[in-house]
Amino acid sequence: MNKTDYDLIVIGGGPAGLAAAIGAYDAGEKNILILERDTRLGGILNQCIHNGFGLHTFQEELTGPEYAQRFADLVLERGIECRLDTMVVSVGTDAEGIKEVAAVNETDGLLRLRTRALILAMGCRERSRGALNIPGFRPAGIFSAGTAQRLVNIEGYLPGRRVVILGSGDIGLIMARRMTLEGAKVLVCAELMPYSGGLKRNIVQCLDDFGIPLRLSHTVVRIEGKERVEGVVLAKVGSDRKPIPGTEEHYECDTLLLSVGLLPENELTVGLGAEMSRVTGGPVVNESLETSVPGVFAAGNVLHVHDLVDYVSEEAKLAGESAAAYVRECREAEQAGTEKSRDRIPVGFSGGIRYTVPSSVDPGRVRHWIKFRFRVGEVMTNRRVVLSIDGESVLSRKRRVMAPGEMEELVLTKKVLDAHPDMKSLEIRIEEDN
Amino acid sequence: MNTVNLTCIGCPLGCQIEVMMGDDNEILLITGNTCPRGESYARKEVTAPTRIVTSSVRVYGSRTGERMVSLKTASDIPKDRIMDVIRDLRGVAVPCPVRIGDVLFKDVAGTGVDMIATKNVD
Ligand SMILES: Cc1cc2nc3c(=O)[nH]c(=O)nc-3n(C[C@H](O)[C@H](O)[C@H](O)COP(=O)(O)OP(=O)(O)OC[C@H]3O[C@@H](n4cnc5c(N)ncnc54)[C@H](O)[C@@H]3O)c2cc1C
Ligand code: SF4
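Chains Z and C supply the protein sequences, listed in that same order.
According to our numbering, the stretch in the first sequence is residues 115 to 548, in order.
According to our numbering, the stretch in the second sequence is residues 142 to 263, in order.
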């Protein structure tokens, strides 16, 4: 008979799930289960074979599979239970606040598991072409960049010979280089916005190194071919992002790769009734990375899309530690018969910030510091990020440049928080720096 | 004399750097960088640019049914040798099991650098 009751279940065995489980284990909770639908741990990193991972965490440049293996080893060393090939199909809570997890796999069929705390670490998926509005037929030869990455790196199959890439997100840039190395001709990378959402390093080392042009403020206006892609037509777009007639250019190609953004994978989260953010597509969380459902935490790309896996690991560790603290509190509450109170001060923001994680703070639950992560809506230069408590500026950091493609961080220490014991409001804003 | 245009990758600012080179390929002037890091980046890029190369090759005999193993150069190689390295890897297959760090090819394309596995495949 399989075990069914846990203190913590982690859904997803990618970098977020692994770091979360390690964080909880090291904080003293050992009764943990990781559920992963794939045949191996590591998540999306298994197909990201390029280097550049882990600079922050390990002070060396690792490839995706190496980074994933380091965390998988830490999980295995601790003897944390993992079930692979197991897909979670629903989650819920019972009247006592115990979480119920239903999962399926080939050997057990349907599994019904129970846990005090739950960590959501399901990652994200790529926006599909359905989300785009390109007229024409839907011939073969259109792939998302991540799908192409899996085909080339895991399956060993080159999906096309003459390639146009729409979108300059990092995965698209990485695939421009990868397909070039595998013998394909990448003709152009077109980006709708006047700036690229990808890292500078990727633009230089994946496009410039191979002479692949980046056309900013351009989009695909037509896809040609009925059975297979035979060509695409690009056009320049105006400031309204609408194609400008007369600027069309034709490219003969057999493949169109789409790298048009990622969406957190949150069907389960929505099913649980957690409050969602319309900006990030992920759940709304507090300083402990706890969703609006007590005892349910989230970290990694399921919460908000990250560009650097190091931040994912760091964030997930906190989610794991918070989950362990929650489990401990549950036990204490059962013994004492009283619950620790909760406070919820919303985090306000302005001046071009699109969202913040966390979006609320309980000062009593901050251990050493809070790291606010946020993104801005447009490229900005010479600014200051200012954090104020009850209208008084308590932190101010210079930023020479901020861009939508780069996640920003701001650390508020417990010392500063403690100096404002009765705080009522907290706001982060961006100001001009003169 | 000629000029080389570069994008600095040191930080998100991505300064456009212009390097003026003399007839003997000596650096005459570096402009456009906002900080010293940009200058040293530009110096390296025009004199001896290097890259880590990553790829994946077929495996055979995998117990878990895997088809590919990923690999990388053990250290940087000159940028203009990237294609030679890739050419050397074409059509090869390696036996399982493979562990991270295993040397799969010695002295790839005569660069003096080995290719090592970046994934465990059983
Ligand atoms: C294609 C791609 C390329 C990237 N390239 C880079 C890069 O070059 N450098 C960098 O630093 N970062 C990169 N990133 C970002 C970084 O890899 C991610 O931030 C990181 O992998 C996110 O970790 P995660 O654990 O949140 O998600 P994931 O790695 O996606 O892991 C989520 C895991 O949850 C599992 N799962 C989902 N739903 C269920 C379910 N219902 N039941 C069971 N299991 C489930 C999935 O199978 C998966 O293993 C890339 C991301 C993507 C998508
Ligand atoms: S020159 Fe300095 S400021 Fe400019 S991109 Fe490079 S590191 Fe950043």
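There may be inaccurate statements among the hints.
[Stated by the list, open to error] Chain Z is nowhere near these chain C residues, computed Cβ spacing over 12 Å in every case:
{"no.": "1", "residue": "164"}
{"no.": "2", "residue": "171"}
{"no.": "3", "residue": "197"}
{"no.": "4", "residue": "214"}
[To be verified] Below are the BS3-like pairs computed for lysine-lysine, each with C-alpha atoms no more than 27 Å apart in a straight line:
{"no.": "5", "chain 1": "Z", "residue 1": "144", "chain 2": "Z", "residue 2": "454"}
{"no.": "6", "chain 1": "Z", "residue 1": "340", "chain 2": "Z", "residue 2": "356"}
{"no.": "7", "chain 1": "Z", "residue 1": "314", "chain 2": "C", "residue 2": "185"}
{"no.": "8", "chain 1": "Z", "residue 1": "512", "chain 2": "Z", "residue 2": "454"}
{"no.": "9", "chain 1": "C", "residue 1": "247", "chain 2": "Z", "residue 2": "314"}
{"no.": "10", "chain 1": "Z", "residue 1": "512", "chain 2": "Z", "residue 2": "528"}
{"no.": "11", "chain 1": "C", "residue 1": "220", "chain 2": "C", "residue 2": "247"}
{"no.": "12", "chain 1": "Z", "residue 1": "314", "chain 2": "Z", "residue 2": "454"}
{"no.": "13", "chain 1": "Z", "residue 1": "299", "chain 2": "C", "residue 2": "220"}
By construction, these hints were calculated from the structure, which means they are not laboratory data.
Every residue gets a Cβ at the ideal spot worked out from N, C-alpha and C, and that includes glycine.
> Far enough from chain Z: is every CB of that chain over 12 Å from the CB of residue 197 of chain C?
Replying inline: Residue 197 of chain C is in fact no farther than 12 Å from some Cβ atom of chain Z, at 5 Å.
> Does residue 185 of chain C lie within 27 Å of residue 314 of chain Z when you go C-alpha to C-alpha?
Replying inline: With a Cα-Cα distance of about 17 Å, the restraint between residue 314 of chain Z and residue 185 of chain C holds, given a limit of 27 Å.
>> Need the status of pair residue 144 of chain Z, residue 454 of chain Z: alpha-carbon distance at most 27 Å?
In response: The given pair, whose Cα atoms are some 23 Å apart, holds under the 27 Å limit.
> Regarding the assertion that residue 164 of chain C does not contact chain Z, is the least Cβ-Cβ distance greater than 12 Å?
Replying inline: holds, 25 Å
> Taking 27 Å as the top limit, are the C-alpha atoms of residue 247 of chain C and residue 314 of chain Z close enough?
Replying inline: Roughly 32 Å separates the two Cα atoms, so the pair is violated.
> Is it the case that residue 214 of chain C keeps its Cβ farther than 12 Å from each residue Cβ in chain Z?
Replying inline: violated, 9 Å
> Taking 12 Å as the cut and beta carbons as the points, is residue 171 of chain C off the interface with chain Z?
Replying inline: About 16 Å separates residue 171 of chain C from the closest Cβ of chain Z, which puts it past 12 Å; holds.
>> Tell me if the straight-line CA distance from residue 512 of chain Z to residue 528 of chain Z falls inside 27 Å.
In response: Between residue 512 of chain Z and residue 528 of chain Z the Cα gap is close to 21 Å, so the pair holds against 27 Å.
> Given the proposed pairing of residue 340 of chain Z with residue 356 of chain Z, does the C-alpha separation stay at or below 27 Å?
Replying inline: The hint holds at about 25 Å.
> Under the criterion that the straight-line Cα-Cα distance not exceed 27 Å, is the pair residue 512 of chain Z, residue 454 of chain Z satisfied?
Replying inline: violated, 38 Å
> Is the hinted pair residue 314 of chain Z and residue 454 of chain Z satisfied, with a Cα-Cα distance of at most 27 Å?
Replying inline: Given that 27 Å is the threshold and the Cα spacing comes to 47 Å, the pair is violated.
>> So if I understand the rule, the pair passes when the alpha-carbon distance is 27 Å or less; does residue 299 of chain Z with residue 220 of chain C pass?
In response: holds, 19 Å
In the structure shown, a violation is registered for the earlier hints numbered 3, 4, 8, 9 and 12, in ascending order.
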